[in-house]
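Novice: Please model the complete structure; the sequences and the hints are all you need to start from.
Chain by chain, the residues run as shown.
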Amino acid sequence: MVTINIDGKNYQVEPKNNLLQTVLSLGLDLPYFCWHPAMGSVGSCRQCAVKKYADENDQKGRIVMACMEPVVDGMRISLNDPEVKKFRENIIELLMTNHPHDCPVCDEGGECHLQDMTLMSGHNYRRFEFNKRTHNNQYLGPFINHEMNRCIACYRCVRFYREYAGGRDFNVFASRNRVFFGRYEDGVLESEFSGNLVEICPTGVFTDKTYKKHYTRKWDLTTAPSICHNCSLGCNIIAGERYGAIRRIASRYNGKVNGYFICDRGRFGYEYVNSDQRIKEPLRRGQASGQLEPVDVSTAFEFVKNIVSKKGKILGIGSPKASVESNFALQKFVGKENFFAGVSGPEHRLTLKAMDIMQNGPSNVPSLKETEKADVVLVLGEDVTNTAPMLALSLRQASRVKPMELPIKMNIPTWHELAAMELIQDERGPFFVLTPSETKLDDVATATYRNAPDNIARMGFAIAHEIDHNAPAVEDLTEEEKKLAKQIADELVAAKKPLIVSGTSLLNEKILEAAANIGRAIDKKEKIANLFFVLPEANSFGLAMLEDKALDQALQAAENNKYDAVVILENDLYRRLPASEADRLLNSAGKVVALHYLQNQTTEKADLVIPVGPFTESDGTLINNEGRAQRFFQVFYPQETIKESWRWLAGFMEDNGLVGEDELVNLDDLINAVVSDYPAISAIKEAAPGSQFRINGQKIPRASHRFSGRTSINAMCRSANQNHRKMQILPCPLPWKATMDRCRRPPCRVSGTLAGIRYRLLISFKLKLAADCMAVIPAYVCLNRAWKMNLIILKKCRPCSKHKKTTGWPFRSICFTAATNSAVLRPALKN
Amino acid sequence: MERPLTERIRPGETNWLADYQKAGGYEGLKAALKMTPREVQEVVKQSNLRGRGGAGFPTGLKWSFVPLGDDAPRPKYLIANGDEMEPGTFKDRLLLEGDPHQLIEGMIISAYAIQAEVGYIFLRWAYKKAEHVINKALAEAYQAGLLGKNILGSGFNFDLYLHTSAGRYICGEETALINSLEGKRANPRAKPPFPQTSGLFGKPSIVNNIETLCNVPHILHHGPDWYHSISHSVDGGTKIFGVSGKVKNPGLWELPLGVTLREVLEEKAGGMREGLKFKGLLPGGASTDFLTEQHLDIKLDYKGVEQAGSRLGTGTMIVLDDQTCVVGMVHNLEQFFAQESCGWCTPCRDGLPWTRNILWTIENGQGKMEDLEILEGMTKTLAPGNTFCALAPGAMEPLQSALKYFREDFERHIKEKRCPWRS
Ligand SMILES: Cc1cc2nc3c(=O)[nH]c(=O)nc-3n(C[C@H](O)[C@H](O)[C@H](O)COP(=O)(O)O)c2cc1C
Ligand code: SF4
Ligand code: SF4
Ligand code: SF4
Ligand code: FES
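Protein sequence lines, in the order shown, are assigned to chains A and B. Okay, so the first sequence: first residue is 1 according to the numbering used here, each after it adds one. Okay, so the second sequence: first residue is 1 according to the numbering used here, each after it adds one.
Keep in mind that the hints were calculated from the coordinates and are not lab data.
Now the stretches of chain A that chain B is said to cover, found in silico as 3 or more residues with beta-carbon under 8 Å:
#1 38-51
#2 55-69
#3 87-96
#4 122-132
#5 174-181
#6 407-418
Glycine included, C-beta positions come from ideal geometry on N, C-alpha and C.
Specialist: Structure (structure tokens):
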């Protein structure tokens with residue numbers, strides 16, 4: 001801790017960050033553009049100027065850029081000095097000379113960093129009277145819109161795209177005030193992370209085309225914190241809805257998982273939610289027609305009752321994409337012995353194997369963010385760019401860990417991106433990619449190895465043997481293979497934080513065993529290896545926690561026992577099994593009941609189809625690849641026939657007297673039931689605040705203070721007899737409420753204090769999005785090996801209160817700990 | 001009066017290796033190779049040689065920041081800055097075209113002093129003749145064993161390459177030059193860290209001006225005392241001064257540091273042309289502050305010019321006469337600077353075009369009094385330290401001093417709604 005003096009007041013701070021980040025973390029306002037917490041400082045925008053004084057007697061001081069200043073003990077600075085304030089205002093004025101000021105039609109409007117900073121800096125009147133420079137825009141593909149005239153040349157986009165994410169097809173061109181950020185010619189952006197341009201750009205140059213397609217303003221979105229369902233990493237996202245359709249997905253900061261970014265699959269892979277293939281009401285196969293026909297809810301209930309009341313035996317098939325709660329509800333409904341994971345046998349057993357290694361092996365299981373700190377990386381078999389895209393982004397950062405020792409040795413702070421990069425140049429740390437075919441990480445690899453999965457496993461065993469000669473040796477390696485195995489082994493042993501990445505995608509058990517062996521061998525050297533396994537799907541882990549049996553056993557069971565019905569949860573058997581086996585299963589299990597949100601081959605075969613909500617219309621918990629339970633929340637209320645799967649299933653149980661009345665009504669009840677049946681995952685309860693959570697006695701609104709058009713929406717819905725679409729002001733069984741109604745004021749704000757947090761959520765003086773505050777509540781708690789240890793301690797959100805801010809806003813952010821996600825302890829983990 | 005840098009140079013001709021050696025060339029190198037690198041640095045320090053590229057940083061001191069010894073990062077680099085795109089400056093060109101071996105010898109000695117194994121001559125794109133001359137001279141030097149492995153049997157190795165720039169003013173800024181050499185955009189780098197510790201390809205590097213390096217052989221040959229003796233100032237040595245503008249005899253002269261401005265202007269350049277009166281001058285290239293009549297008797301050395309409120313810069317002056325419009329002249333300069341901004345930092349990238357535009361409207365009779373306020377504000381916003389590199393503050397120097405000394409001329413444009421110098 002050191003003491004610094006800001007405008008006459010002393011503050012105790014850690015000297016590890018630059019001055020800008022330090023100032024922001026203290027809750028003070030200082031505008032900035034080019035600095036980004038994930039990408040460090042480059043000092044190009046000159047917006048973050050402060051006055052720095054040489055000593056006590058220095059009256060004049062000199063202007064410095066806060067982002068380029070290290071924090072040193074006893075330093076004295078001023079943010080409010082008139083000269084430096086004027087300077088910051090002038091910088092905004094200069095940035096604005098060419099800016100089109102088209103906020104009313106700009107899709108950035110409402111959460112625009114430039115708007116916020118302009119207001120903060122106090123520049124109001126345009127003095128520039130000349131023509132603005134203009135640019136041509138480019139076609140960048142179906143996802144990202146390009147509007148170069150809005151550019152303020154902060155260089156963030158190009159730094160992210162090329163240096164941070166390793167893309168090659170995007171650059172800055174030309175010079176002076178004609179600098180152009182884009183591709184060398186029109187074309188689809190190639191990077192898997194291109195969507196982050198939308199967020200990284202502080203203005204509206206890059207905007208989300210899928211959002212832009214509809215008329216929506218940011219402050220009119222109803223949003224909820226959610227979890228990406230597209231791979232096993234479980235990146236944190238915010239989903240926003242308007243007029244009953246999802247309008248966009250944005251990243252939600254989680255300092256343990258995805259940080260500030262998400263991949264394009266996560267961002268743009270949502271449109272199925274708005275698809276016309278959606279199942280919106282119960283469908284029953286008509287006796288006469290043989291076709292699926294819409295029926296009302298009570299008919300669906302009757303259909304199920306008909307089966308259950310005859311003491312019918314029901315087969316249940318779960319899903320690795322559905323929540324823990326929904327899978328649990330089905331399991332409870334059909335009985336444990338009749339419940340099967342809706343995953344092919346080999347895949348499921350591989351998942352169980354990976355979990356067993358994580359649970360019982362000596363290696364540490366890092367979080368996604370922790371993988372960025374590894375100084376030696378071995379990728380065994382997994383093409384992570386395809387199977388877990390954000391992991392590829394993290395590993396790219398890890399490849400810089402070792403070279404970064406040099407700047408540290410030379411006293412260049414790690415946040416000083418420019419200096420550090422100039423020093424380390426193209427230097428990369430030891431990084432080995434052993435995969436069957438080329439991967440997009442090869443460009444940072446020290447060495448690559450291409451061979452069939454079994455041979456990759458052999459290399460893995462050879463590496464383990466090289467590290468620990470007691471580990472089984474591998475025969476018949478070529479000289480080259482031996483050399484490579486030795487090289488990798490040496491690097492892993494020498495590493496401070498060795499990381500082995502593997503996964504299930506090659507369906508090869510030996511690869512997992514090899515990875516485990518390497519971890520064990522490193523452990524023998526009195527070192528801790530980090531083992532990161534990619535699993536097949538968003539809730540593979542959660543499903544495997546509930547059930548060992550998979551589809552091959554289900555088929556057997558169906559053919560050996562007499563089932564009266566099969567209930568299939570959010571799944572399509574034809575994508576899991578060869579069509580002939582899927583046919584056999586469906587044909588031998590009696591009536592087919594499918595719960596799904598989209599039509600697929602399985603629903604087509606069903607006798608009853610139940611309309612359920614996808615992730616945007618449900619809440620529940622997912623457990624990601626490293627055992628982290630994370631809650632996603634319902635974004636909006638669809639028409640009444642669409643319900644969460646668990647709600648339908650709980651309804652069936654209640655209707656048939658399998659559970660007591662009001663026993664399983666809301667998510668809290670379901671979670672409590674899961675916890676009592678599966679103490680091993682009791683931590684899911686802590687993954688997010690329950691429905692009783694209040695801040696200042698209020699639920700957290702999901703719409704912004706500025707939400708417009710409620711009256712007209714309600715009127716419109718009434719006249720169209722669409723009451724379900726009316727803005728909900730009734731209490732909902734969640735800590736959120738849909739609107740700002742009856743909110744005396746936004747109960748909390750995310751303020752500029754959170755330097756490490758999403759920059760887009762920092763101060764927004766005029767367009768304060770109350771909805772943003774809930775966006776940072778961490779819907780997660782770590783379950784790493786939780787079934788063995790009692791671990792979870794989630795610091796409760798500190799109710800925002802007392803701190804009165806000079807800006808006139810009475811409330812601070814909800815809770816620093818919650819927002820930074822750093823409070824979760826994982827005591828029993830070695831590190 | 002001694003003119004070590006230019007006495008051998010005859011207009012239009014080049015001294016090749018034989019000529020240069022006949023005139024005592026490469027003696028300095030022989031002397032240097034007998035010393036340790038530190039001793040060479042010490043000699044240069046004692047000579048008080050200051051950089052001739054504009055900033056005037058003491059050369060020996062700069063070298064001393066380069067890590068020496070076995071554990072120093074390798075390779076280390078020496079770079080000769082021959083970008084010379086500063087408007088009004090053409091002194092390095094004379095040295096490059098007339099006496100290439102003087103530069104090569106200077107570079108070998110300097111490389112030895114910092115134990116660099118690789119050198120680059122970074123040459124302005126437009127200097128086609130110099131390109132040809134340097135290439136030929138390099139070949140001569142390699143053939144004579146003056147470059148390459150084991151130079152003159154000393155065990156010291158040094159390879160020297162010529163790199164011709166793509167033609168941007170900012171490439172003269174030493175860190176932008178380094179980026180450009182690496183094949184990157186010519187944006188300047190943050191300082192610190194300085195190139196001496198993290199330069200070309202992240203390795204310790206020294207960037208020196210052509211003229212600076214050309215001084216080195218003579219210092220080593222004749223010693224620091226001699227070097228001081230040929231100067232009229234605490235700064236050692238001679239300096240190539242240049243005069244352009246409407247004087248009788250524009251040109252370049254090598255003179256002792258510390259001569260007066262009047263001597264250069266009146267004796268060497270012959271004073272103003274018939275019918276014209278001296279109004280002011282930029283003493284060291286376009287990015288220095290105007291000096292006027294009252295300053296004619298100042299000493300031309302680093303301190304003397306600074307005390308008068310400007311900078312010695314490159315020592316090549318641009319003279320303004322009473323028949324030339326100062327607004328037009330400054331507009332022309334700002335046009336150049338706006339054009340040459342690298343586009344990295346806001347004040348320069350967006351401030352200079354605005355400055356240029358305002359000057360254009362004033363020059364064309366559409367200016368307003370408020371415009372002068374904006375211009376004055378701009379000189380503060382683009383002050384040293386406020387921008388990422390020195391280009392923008394340099395661009396403000398002629399403007400701020402013009403506003404100070406010739407404000408009336410600006411106001412006349414605005415009041416008369418036309419340029420009084422144009423009919
Ligand atoms: C915009 C700009 C342009 C410059 N152009 C040149 C140049 O053309 N030649 C040069 O020697 N130095 C130039 N300099 C100065 C160099 O950055 C550097 O200070 C110099 O090369 C160091 O050499 P010296 O110490 O021998 O003077 C320029 C500086 C700036 C800011
Ligand atoms: S496009 Fe956006 S991110 Fe890129 S430089 Fe311009 S303003 Fe910055
Ligand atoms: S990496 Fe996986 S979890 Fe993260 S955003 Fe992409 S698809 Fe979603
Ligand atoms: S002042 Fe800024 S924009 Fe101008 S040349 Fe230097 S770095 Fe580039
Ligand atoms: S944020 Fe500090 S200069 Fe851009």
